[in-house]
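Asker: This is what each chain is made of:
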Amino acid sequence: MGHSRRWASAVGYRLSGMVLLLVVWELVAARAEPSMSLVRVSEAALHYLPSEEVRQSVLASLRRIAVGFTIGSAVGLAAGFAIGLSAGLRAVFDPVWGFLRPMSPLAWVPLSIVWFGITEQAAIFVIAYASFFPVMLNTGTGIQEVAPVYREAALTLGARRRDVLRHVLVPAAVPYLLGGLRISLGLSWAVIVAAELVIGSVLRAGIGYLMHRYTLVLYDLPRVVVLVVLVGVLAFLADRLMRLTAQRLTPWRAT
Amino acid sequence: MASDVRGGHVGRTRAFQALAVVGIVGVWAVAASVIDNSARLPNPLRVPGNAWPLIQSGELQGHVVASLRRIAIGYGTAAVVGIVVGMVMGAFRPAERLLDTPMEFLRPIPALALVPILLALVGIGETLNISIVFYASVFPIIINTVAGLKEVDRTYVEAALTMGAGRTAVVRSVLLPAALPSIMSGLRIGFQFAWMSIVGAELIGAVTGLGFMILYYAKFVATERVVVGMVTIGVLGLVFDRVLLVLWKVMTPWAQR
Amino acid sequence: MSRRLARPWVRPAPSPPETVPAEAADERGIDMQGPRGQIKVEAEDVQVTFRRRGQEIEAVRDFSLAVREGEFLSIVGPSGCGKSTFLRLVAGLESPTSGQVRCDGKPIRGASADRGMAFQQYALFPWMTLAANVDFGPRMRRLPKAQRRERVERYIRLVGLTGFEDKYPHELSGGMQQRGSLARLFANDPSLLLMDEPLGALDAQTRVLLQEELMRVWEEFGTTVIFITHSIDEAAFLSDRVAVMTRRPGRIKEIIPVDLPRPRTFETRGTETFAKLEFEIGRSVREEVDALS
Numbered sequence: 000m001g002h003s004r005r006w007a008s009a010v011g012y013r014l015s016g017m018v019l020l021l022v023v024w025e026l027v028a029a030r031a032e033p034s035m036s037l038v039r040v041s042e043a044a045l046h047y048l049p050s051e052e053v054r055q056s057v058l059a060s061l062r063r064i065a066v067g068f069t070i071g072s073a074v075g076l077a078a079g080f081a082i083g084l085s086a087g088l089r090a091v092f093d094p095v096w097g098f099l100r101p102m103s104p105l106a107w108v109p110l111s112i113v114w115f116g117i118t119e120q121a122a123i124f125v126i127a128y129a130s131f132f133p134v135m136l137n138t139g140t141g142i143q144e145v146a147p148v149y150r151e152a153a154l155t156l157g158a159r160r161r162d163v164l165r166h167v168l169v170p171a172a173v174p175y176l177l178g179g180l181r182i183s184l185g186l187s188w189a190v191i192v193a194a195e196l197v198i199g200s201v202l203r204a205g206i207g208y209l210m211h212r213y214t215l216v217l218y219d220l221p222r223v224v225v226l227v228v229l230v231g232v233l234a235f236l237a238d239r240l241m242r243l244t245a246q247r248l249t250p251w252r253a254t
Numbered sequence: 000m001a002s003d004v005r006g007g008h009v010g011r012t013r014a015f016q017a018l019a020v021v022g023i024v025g026v027w028a029v030a031a032s033v034i035d036n037s038a039r040l041p042n043p044l045r046v047p048g049n050a051w052p053l054i055q056s057g058e059l060q061g062h063v064v065a066s067l068r069r070i071a072i073g074y075g076t077a078a079v080v081g082i083v084v085g086m087v088m089g090a091f092r093p094a095e096r097l098l099d100t101p102m103e104f105l106r107p108i109p110a111l112a113l114v115p116i117l118l119a120l121v122g123i124g125e126t127l128n129i130s131i132v133f134y135a136s137v138f139p140i141i142i143n144t145v146a147g148l149k150e151v152d153r154t155y156v157e158a159a160l161t162m163g164a165g166r167t168a169v170v171r172s173v174l175l176p177a178a179l180p181s182i183m184s185g186l187r188i189g190f191q192f193a194w195m196s197i198v199g200a201e202l203i204g205a206v207t208g209l210g211f212m213i214l215y216y217a218k219f220v221a222t223e224r225v226v227v228g229m230v231t232i233g234v235l236g237l238v239f240d241r242v243l244l245v246l247w248k249v250m251t252p253w254a255q256r
Numbered sequence: 000m001s002r003r004l005a006r007p008w009v010r011p012a013p014s015p016p017e018t019v020p021a022e023a024a025d026e027r028g029i030d031m032q033g034p035r036g037q038i039k040v041e042a043e044d045v046q047v048t049f050r051r052r053g054q055e056i057e058a059v060r061d062f063s064l065a066v067r068e069g070e071f072l073s074i075v076g077p078s079g080c081g082k083s084t085f086l087r088l089v090a091g092l093e094s095p096t097s098g099q100v101r102c103d104g105k106p107i108r109g110a111s112a113d114r115g116m117a118f119q120q121y122a123l124f125p126w127m128t129l130a131a132n133v134d135f136g137p138r139m140r141r142l143p144k145a146q147r148r149e150r151v152e153r154y155i156r157l158v159g160l161t162g163f164e165d166k167y168p169h170e171l172s173g174g175m176q177q178r179g180s181l182a183r184l185f186a187n188d189p190s191l192l193l194m195d196e197p198l199g200a201l202d203a204q205t206r207v208l209l210q211e212e213l214m215r216v217w218e219e220f221g222t223t224v225i226f227i228t229h230s231i232d233e234a235a236f237l238s239d240r241v242a243v244m245t246r247r248p249g250r251i252k253e254i255i256p257v258d259l260p261r262p263r264t265f266e267t268r269g270t271e272t273f274a275k276l277e278f279e280i281g282r283s284v285r286e287e288v289d290a291l292s
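Chains as they are written, first to last, in numbering that gives the first Met the number 0: chain A, 0 to 254; chain B, 0 to 256; chain C, 0 to 292.
Quick caveat, the hints were computed from the structure, so don't treat them as lab data.
One should not assume that every hint holds.
To be verified - Quick list of simulated restraints, FRET-style, between CB atoms: (1) C:Glu218 <-> B:Ala14: 41 to 51 Å; (2) B:Pro93 <-> C:Arg215: 55 to 65 Å; (3) C:Pro260 <-> A:Arg247: 46 to 56 Å; (4) A:Val27 <-> B:Ile23: 45 to 55 Å; (5) B:Pro252 <-> A:His46: 38 to 48 Å; (6) A:Ser85 <-> C:Arg108: 40 to 50 Å; (7) A:Arg165 <-> B:Ile123: 48 to 58 Å; (8) B:Pro93 <-> A:Val232: 18 to 28 Å; (9) B:Thr76 <-> C:Ala203: 23 to 33 Å; (10) A:Leu61 <-> B:Ile54: 39 to 49 Å; (11) A:Ser85 <-> B:Val26: 51 to 61 Å; (12) C:Arg108 <-> B:Arg39: 51 to 61 Å.
All residues carry an ideal CB built from backbone N, CA and C; glycine is no exception.
Next up, chain A with everything else stripped away, as it sits in the complex:
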């Protein structure tokens, strides 16, 4: 197939895929909930999306994610180094992680509310908790998985133990760390919406708050749909940004 034909074919499939989705959506909406029709949703998107309210809420949610993600990742990074380097710490904490890891970070929302009250700190705490694990585990793995041959090469080139840490272990762990950050970021988005939905109207701003408001307080379904899609788009962009940053920071990766 010629180049432009292949490209056209790819674009054709993409469009058809989206059209398929929209058609299915329209059918569901027509049967179950006419206010969710594409027309109404598009209208809402045009009028509502640029509004001040949305802007404030997006910023609020982003802020909470930023704070929680930074705290959780920083602690996770430190912890990752600790358990990566010390087999003793690994042995002690392995069962703890093993138990906590499968547990959803959202399971901590109630306890977080007890501790921080029905405030945004509760949401930030849960995000920090959610960000902590992937970063810690990935960093720990990164340090452990550093092929021993690099350590040995450094030693036979005159590096002391301190040098090995700085010049071998840390750079080698960076790709893993970045992978962990990506996962954490994705999790943060999932968590923030849920946390804001639970905490509810006290927040006064936030995407989850808006969803809560327009589902339970004022009923405006098209707006809710717009918000849902907005979350998806934001999460997607954040992930892409993270991936790009990762590529920039690790020019030595073959991919």
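Since the structure of chain A is already known, use the hints to place chains B and C on it.
Answerer: This is chains B and C only, laid out in the frame that chain A set:
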């Protein structure tokens, strides 16, 4: 990680780990007893005392069953749908290219963000929760199934063809087994997502279930009971994940690291 | 089955460095640094036992060997006979369970830049450019910047990789990576080079070319080299002496001197001496391999 230990003294490591866990819980218990304020720090020593009446009255079991039921139906459906769709996509390039875009569009949307929409569509109830679980777990299953099929080394297929295998035989004896480790991996991940989402869904839109239970007791600041709920969530999640892991190992012994 | 166990160099330990008989030194036309014929590395009744999965594996036993200053010594033997283990002892990456390994008369403790090691996987740090890699050793030794820069340039030029300084290892071919790792090694001026099948991962043609490269570079410095390889012809081509190890637990079975003139070129491979040597070494190793089954 038991593989850390040279000489395979796994037994000794396990004993050490058990000791470590006891130690950590011990420190926690001491701190909690000193602070003596369950709003600040739940006391692990009081947890069993709180768990017992919940078990006796059947309340805990009721919540567990409610949550498990939703997961079973939601995840079970997702597994079937996911594998079927994944196989279709893996086998037919047009199907994959067609469905890939909507999937990429839907995937970043967190399952729990759909609660408001589903609330409007089906109202509070079982369908809501089950749908959330389904949505959360179906994507990893599809993606891993597709990846599993796509990554089958062509050399295996060619080897089979040059040994006289017909198309069905190739699918059955080469493609499916080769894709199986990836599919099982997708099932495990999907389950983790399912478990995560059920807790969240029950926090928002349910009146039974473990997620609901921990929020309920949190509102009364009965943190020890919250801990009971969290521990139950953790243990169940762990148990099922282990089951899936064993299943994975049994079904694909050749794919072990 | 007769075994030739010739160990004329064994003396009671400890002992002062001893000069080797004159004819062995005259074979080589290389101008060496330091007193000729001195013993550079000496292993004495070394034994190494590993524990793996609860089982005790004896890698090396009754192992004794003396390596002369400035010589190129290869070690060959069946798989798993403990060649790499011995090399790692000399590098200081592991310690013997019993016995002693000495370098320049002093027992070896820990790794050092003076005993440089080349690995089969090249082990160039993937997150550093070629130049940064070659700079690593000098940097660890805290040499002044100007000196370092000059060194890096010189050694990269030596291995023929000028122009690739800013490339990352993954952008280089296998042969280039191995040359890069040699540059990195030599930039440290080690007095001892330990090479663990460095050319094993290369295709046959690149391997032959790199063997000749290695000879050219080595002849310029005259460093002592202990070289491990599976390839008999490689050992014969490169070395002054070839040590054959028994199967596990390994020890030195015999040492075969290589009577080929230097510099070694491609033509050397066509000589009758070379063929005979290859056969003799090959047969010795084959005896060990056959004894395994």
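Asker: Taking the hints in turn, state whether each one holds.
Answerer: Hints and how they fare:
| no. | hint | result |
| --- | --- | --- |
| 1 | C:Glu218 <-> B:Ala14: 41 to 51 Å | violated, 59 Å |
| 2 | B:Pro93 <-> C:Arg215: 55 to 65 Å | holds, 58 Å |
| 3 | C:Pro260 <-> A:Arg247: 46 to 56 Å | holds, 55 Å |
| 4 | A:Val27 <-> B:Ile23: 45 to 55 Å | holds, 49 Å |
| 5 | B:Pro252 <-> A:His46: 38 to 48 Å | violated, 59 Å |
| 6 | A:Ser85 <-> C:Arg108: 40 to 50 Å | violated, 24 Å |
| 7 | A:Arg165 <-> B:Ile123: 48 to 58 Å | holds, 56 Å |
| 8 | B:Pro93 <-> A:Val232: 18 to 28 Å | holds, 27 Å |
| 9 | B:Thr76 <-> C:Ala203: 23 to 33 Å | violated, 57 Å |
| 10 | A:Leu61 <-> B:Ile54: 39 to 49 Å | holds, 43 Å |
| 11 | A:Ser85 <-> B:Val26: 51 to 61 Å | violated, 18 Å |
| 12 | C:Arg108 <-> B:Arg39: 51 to 61 Å | holds, 53 Å |
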